[in-house]
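Turn these sequences into a full structure, and let the hints steer you where they fit.
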Amino acid sequence: MHWPTPDPVAFSIFGLDVRWYGVLIASAVFLGFGIACRRAPSFGLKPDTVVDSLLIAIPLGVIGARLYYVLFHWDYYGGNLLRIFHIRGGGLAVHGALILGILGIWLYCRAKKEPFLSLLDLLTPCVALGQSIGRWGNFFNREAHGGSTDLPWAIEVDGQFVHPTFLYESLWCFLLFIFLLWFSKKRSFDGQIFLLYGILYSLERFFVESLRTDSLMLFGLLKTAQAVSVTVIVLFMILYFVLRGRARKKISV
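First residue of the sequence shown? That's 276 in our numbering, and the numbers climb one at a time after it.
Among the hints, a few may not be true.
To be verified - Straight-line distance between alpha carbons at most 25 Å, and here's what the computed DSS-like set of lysine-lysine pairs gives: (1) K498 <-> K321; (2) K387 <-> K321; (3) K461 <-> K525.
Claimed, not checked - Pairwise CB distance ranges, derived in the manner of DEER restraints: (4) Q435 <-> P316: 44 to 52 Å; (5) D323 <-> F436: 24 to 32 Å; (6) F436 <-> F516: 38 to 46 Å; (7) L346 <-> L478: 20 to 28 Å; (8) E389 <-> Q435: 48 to 56 Å; (9) P334 <-> S423: 24 to 32 Å; (10) F449 <-> P281: 42 to 50 Å.
Just so you know, these hints were derived from the structure itself, not from any lab. Fair warning: this is a prediction, and the values are worked out from it, not measured in the lab. Note that the Cβ used here is the ideal one computed from N, Cα and C, for glycine as well.
Right under this line is the structure:
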């Protein structure tokens with residue numbers, strides 16, 4: 276299998292290059308909007324609630340993704356702060372997007388008295404789908420790849436055949452999207468879908484991150500994504516059993 280050499284530029288308008296990275300992320304956002312709005316009534320929520328919350332969460336998510344990435348590459352950005360604003364070429368971190376995006380949703384729910392965990396359960400499958408689509412931006416930018424391999428599905432980067440880790444995560448997140456949609460019908464407590472997403476995505480990210488060569492590092496010793504993944508798995512499993520236990524007690528009473 277031979278992958279074509281990708282062009283990071285999708286098209287140009289009035290001399291301005293529009294990159295596939297941005298096109299894919301924008302497409303994922305609009306698709307996620309549509310799916311979440313359509314499913315909102317089954318969670319006891321209005322489509323307007325979805326729109327309003329995402330209008331807050333998405334910009335915060337982009338800011339969080341960039342700040343998280345910049346923080347762990349401060350040696351590069353600290354010498355020229357204007358580089359921080361050049362996001363068209365990549366440089367966004369999923370964990371940063373999730374942290375500030377979830378914070379934005381929490382602030383919205385607190386202000387509007389909306390059910391925070393139910394809204395998270397509604398939106399979470401769309402997040403997984405967005406990641407599945409957005410990861411292809413890494414392919415076009417020739418980034419976020421793994422080390423050398425002779426596997427038949429390897430991609431060529433700088434004359435070397437490497438693991439297409441973007442593909443591994445894209446496929447996992449798409450399957451996760453399908454699974455979470457199906458499991459939503461069996462949801463037994465608020466927050467269950469969100470917690471399952473956190474556990475299952477972190478499990479995949481931990482192993483895929485071990486293949487990557489461009490990982491963000493913590494103190495230069497530990498891959499940040501792996502440390503975050505282990506922390507999320509442990510905390511979310513504890514929360515999962517706590518919330519499930521509370522839900523069962525309410526039913527028994």
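- [ ] Confirm or reject the claim that Q435 and P316 have a C-beta distance inside 44 to 52 Å.
- [x] 50 Å, holds
- [ ] Assess, step by step, whether the Cα of K461 is no farther than 25 Å from the Cα of K525, and give holds or violated.
- [x] Roughly 17 Å between the alpha carbons, so the hint for K461 and K525 holds.
Open item on the list: Within 48 to 56 Å: is that where the Cβ-Cβ distance between E389 and Q435 falls?
Closed with: 49 Å, holds
Open item on the list: Please check whether F449 and P281 have a Cβ separation lying inside 42 to 50 Å.
Closed with: 20 Å, violated
Task: Whether the CB-CB distance between L346 and L478 falls inside 20 to 28 Å - done: 25 Å, holds
- [ ] Quickly compare the C-alpha distance for K387 and K321 to 25 Å and report which way the hint goes.
- [x] Holds, at roughly 13 Å.
Task: Proposed proximity, K321 with K498 (alpha carbon, max 25 Å) - done: 40 Å, violated
- [ ] Could you tell me whether the CB distance from D323 to F436 stays inside 24 to 32 Å?
- [x] 49 Å, violated
Open item on the list: If I claimed the Cβ atoms of P334 and S423 lie 24 to 32 Å apart, would that claim hold in this structure?
Closed with: Violated, since P334 and S423 (Cβ atoms, about 38 Å apart) do not stay within the stated range.
Task: Distance restraint evaluation - F436, F516, Cβ atoms, bounds 38 to 46 Å - done: Holds: the Cβ-Cβ distance is about 43 Å, inside 38 to 46 Å.
Hints 1, 5, 9 and 10 from the list above are not met by this structure, while the remaining hints are.
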